[in-house]
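**Student:** Residue-level listing of the chains:
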Amino acid sequence: MQFVDQANQFQSRIRVWCSGEQPGEADGKSVMQMIILAATEGTPMRIEADGPDAEQAVQKLVELVDSKFGEE
Amino acid sequence: MEIKKGIGVSPGVVISTAIVLDAEDLVIPKRYIDASAVDMELARFQDAVQRSGRELDDLRQAVTAKYGKEIGNIIEFHRGILADASVLAAVEKEIRQRRVTAEYAVSEVMRRYAANFQAMSDRYLSDRVKDIHDIERRILHNLVGAKEESLQSLTSDTVVVAHDLLPSQTASLDRLHVRGFATDVGGRTSHTAIVARALGIPAVVGLGNITAEVSGGDTLIIDGNRGVVIINPDPEQLTEYREYERKREQVERDLQSLRDLPAVTRDGHAISLQANIEFPAEIDDALPRGAEGIGLYRTEFLYLASETEPSEEDHYRAYADAMGRLKGKPLVIRTLDLGADKYTQARAASPERNPFLGDRSIRMCLHDIPMFKRQLRAIMRASVMGDLRIMFPLVTTLMELRQAKMVLSDVMEELEDEGVEFRRDIPVGVMIEVPSAALMANQFAKEVNFFSIGTNDLIQYTLAVDRTNEKVAGLFCPAHPAVLTLVRDVIRAAARNNISCSVCGEMAGEPIYALLLMGMGLTQFSMNSPDIPEVKKIIRLTTLEHARQVARKVMSFDSERQVMHYLREETRKIVPEVF
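Keeping their order, the protein sequence lines are chains A and B.
Position one of the first sequence corresponds to residue 1 (the numbering used here), numbered consecutively onward.
Position one of the second sequence corresponds to residue 1 (the numbering used here), numbered consecutively onward.
By construction, these hints were calculated from the structure, which means they are not laboratory data.
Any given hint could turn out to be false.
To give a feel for the contact side, a few chain A residues facing chain B, derived at Cβ under 7 Å [said to hold, decoys possible]:
hint, residue
1, 30
2, 32
3, 33
Beyond 10 Å from chain B on every Cβ pair, some chain A residues (computed) [claimed, not checked]:
hint, residue
4, 11
5, 45
6, 48
7, 54
8, 56
9, 62
10, 66
11, 68
Using N, Cα and C, we set each Cβ at its ideal position, and we do this for glycine too.
Turn these sequences into a full structure, and let the hints steer you where they fit.
**Tutor:** Rendered as structure tokens:
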């Protein structure tokens, strides 16, 4: 949820790839698609943004994932 | 064009455009829409999403305040999905490209997501299926709810197609424009049937899956007389039905002229014709049609009309209202005859395996004395206002009758202690509608003031046929010799013991049985008031002597087909225009 909320702050299109047991891609702004992507802890993922604030978006989202969503 | 056969529960014929109400808690059938309706369906969907969102916002606030942020987060998740552009786009695409209703599109898209979730190995994620179902239900509820609301302010005539109408749905119907009902399930005592008869509009129930076969905007012919619904009729059928409607109106007008003439045979024997009602307001229709009183006031609607059990005052208001309208004419109130229906089954601690043989009617009342007493107190209080009589339904043993009478005398005592006025000698009767009671009519007659034969249940229990079950409904027949023997014996037992006896089942209102019942010695008929003029006409055109001959002959037959055939012939000789 935090990820999607954050993604929705940006204008850019945001795609997320995940290459774990069940590889797939999702719209980073869609709760439903992100859940179905099932990226659990430890799954390698790639975040791609396309648009005016793309760079900023990727930076923020990577930060969020790295911080383990501010948990712990 | 398609013809569907169901159970006609409210007479009349209507040709009109359909509105289909889906049930949010059932599988939504795939229903196509016209290209011109796509924009409207999209708007309905967006509206339902918005309403759902507002509901969730309110819910989140309330829940967070009460249980903290953790629980609030679950709702936050639901809210997130409702705001998820990819989900909304999927539903909209479904509506646009496959031209289905918003209801079907939502359930289809959600079903796909749910299947995705279910397939996940992660337990936390696969559990989210419940959330998906939750969200689906919320949107559907708002879709269906909005449609129900739209039924309050229709601009043109329409017929309502639904799985089963709920009291909450019928309470707010636009009575001017709703012209008929057709439902998947139900029987004569279902809510839909009761409301339709009260409104005087045709209804056919027990149609199986009509909600799946009709799309909003289809033209339907609902024929409540024959229990038939025709979907998108061809021009010949439309002409035929328009002609039929016109003829019926003509016959109706002719019968109206009989209104003020007495129901007396040509050899001078008077028969009393009364009406069956569900609402006091129906008395205003019944009296002008020639009813001499109300032979059966079904009180179930008081219970079915609201979600909560009626209070003593609710009962009293209804009974006082009825007494006021009758101005001294007799009123027979049947005590609560519920059971084997949605209302009671929903309240039952555990569903019954065989509700028609279960805790229904007088049995239910004797199991809930406080509830029973509330009704009896109201009846007794209204008893001072005129000729009020009380009748217990579905009595099977003498013990039950005695218990019910005991509760009644308890009530009288209480009222006396409280200084409330009532009529102590109120006539008390039983409905004879179970074979055991019919066989013991002679004994019952010694303990009551009157009988009323409820033929619908008597047939069901004698022939072991549930007529709402389409596979066996054909076996349901009042003309079965076993049924006729019971009816005749009950009438005789009443006569021998000098108590009055009427028939208040549907048989009483069917013209072909009028001669037979009179010939068996019946002097009181109670029926739905639209049937009164026709029966009266037959009575006025025959003699008791002839009716007796007919009855004797009928009792010599050994099959219902012979009986029906003979009675139809005899009746046609008297009133050829009825058939």
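**Student:** Each hint needs a verdict: does it hold in this structure or not?
**Tutor:** For each hint, the structure was consulted:
The restraint placing residue 30/A at the interface with chain B holds, with a minimum CB-CB distance near 4 Å, inside the 7 Å limit. Using the Cβ-Cβ criterion of 7 Å, the hint placing residue 32/A at the interface with chain B is satisfied: the shortest such distance is roughly 5 Å. Interface restraint check for residue 33/A: the shortest CB-CB distance to chain B comes to about 6 Å, inside 7 Å, so the restraint holds. Every CB of chain B is more than 10 Å from the CB of residue 11/A (nearest about 13 Å), matching its label as outside the interface.
With a least beta-carbon separation of about 15 Å from chain B, residue 45/A lies farther than 10 Å from that chain, consistent with its non-interface assignment. At roughly 16 Å, the least C-beta separation between residue 48/A and chain B is larger than 10 Å, which holds for a residue marked as non-interface. No beta-carbon of chain B is positioned within 10 Å of the beta-carbon of residue 54/A; the least distance is around 19 Å. For residue 56/A, the shortest C-beta to C-beta distance to chain B comes to about 21 Å, beyond the 10 Å cut-off, and the non-interface label holds.
Here residue 62/A stays apart from chain B, with its beta-carbon at least about 21 Å from theirs, past the 10 Å limit. For residue 66/A, the non-interface assignment is confirmed: its Cβ lies about 22 Å from the closest Cβ of chain B, beyond the 10 Å cut-off. With a least beta-carbon separation of about 16 Å from chain B, residue 68/A lies farther than 10 Å from that chain, consistent with its non-interface assignment.
Hint compliance for this structure: every hint is met.
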